[in-house]
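**Q** Those protein sequence lines, which keep their order, are chains A and B. The opening residue of the first sequence carries number 1 in our numbering; numbering runs sequentially from there. The opening residue of the second sequence carries number 1 in our numbering; numbering runs sequentially from there.
Hints are supplied without guarantee of correctness; some may be wrong.
[To be verified] Under the rule of at most 27 Å between Cα atoms (straight-line distance), these lysine-lysine pairs were calculated in the DSS-like manner:
| id | chain 1 | residue 1 | chain 2 | residue 2 |
| --- | --- | --- | --- | --- |
| 1 | B | K41 | B | K27 |
| 2 | B | K32 | A | K16 |
| 3 | A | K16 | A | K202 |
| 4 | B | K27 | A | K16 |
| 5 | B | K32 | A | K202 |
The set of hints was computed from the structure by calculation and includes no laboratory data. Values in this document were obtained by computation on a predicted structure and should not be read as measured data.
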Amino acid sequence: MMSTPRLVTVRENVLKHNDVLARSLRGRFRAAGVFAVSLVSSPGTGKTMFLEKTLAALQPHCRVAALVGDLATDNDAARLARTAAPVRQITTGTICHLEAAMVERALEGWNLAELDFLFIENVGNLVCPSSYDLGEELRLVLMSVTEGEDKPLKYPTIFNTADLAIITKMDLAAAVEFDLAAAQRSIQAVRPGMHVLEVSAKTGQGMDAWLQFLQARRAESGGRIAEEFSIPSKAASR
Amino acid sequence: MHELSIAVSMVEMAAEEAARHGGVRVKAIHLKLGPLSGVVKEALLFSYDVACEGTPLAGSRLVVEEMPVVVYCNVCRAERPLASIQYFCCPICDTATPEVRCGKELEVVALEIE
Ligand SMILES: [Zn+2]
């Protein structure tokens, strides 16, 4: 005899396991006084060069480290290791995003209390990373001037879940006839009020503003500020 | 594409739940899915069948309830559903608002068992 189907209420977040881990990571980062920043972008945005320049600029003043997610190669990690900051590779294999558990494993053996900043470079992908909290305090989404001003409209979710948008390769803006106002409109359409910074890691354009933004956000979160950096009063907060 | 790993977690979760209910058979999983979850419905439905293969959930259905993105409008002082996730503005007064109240769901709400 067939029994009639019945409904059982469950109410369970499918990514609960990741969310719980991410919350515990966030707690560990805060307790240790390390400000965790994640970076997401498409492949080819110049994310690694941007991070390389950021690490190099911060290193004389702060203790910095980076985790680099990559599908297979370790080119990015090798490149970042030139900055002398501790860098660890997270090889994700066929997985197109980082998860909190991978971050937790990659941190094994590191004393977080000895760090001021931890950068987590996600796999180049604007879709999948948006679902996974990594315990970061600040999520950057990067887009380059060569990708088109409507990129945010194509990937609204990742732009909506990010805290800061960075437009990279500004040195090429004129050559590719990049329309900054149109890019701003696209970003503001999917994330009203989003702070946007324009940088060129190659020429150094906008890097000071970025570093000041970073220091200000860290100070707001209760972290110590490196004395060598002057903090603009309100300019860096959104 | 991360929908397959998400589908696998759902199937595992449902199998555990079914075991807790004394080994009942799961006929369907009911899921609430928001556009800001980062999960694509079609990819998830496709992945679901793959994830079910060879498990106690083989042959079960995934029933997806698509949720709207709901924002809070400071001018109207009300929650409003967005017309498009490419435009975070109040559909009534056109004020821009970043305050998302709903739309990130990726939540199993019920299991149909027998
Ligand atoms: Zn309104």
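**Q** Hint compliance check: list the failing hint numbers for this structure, sorted ascending.
**A** The structure breaks hints 3 and 5; every other hint is satisfied.
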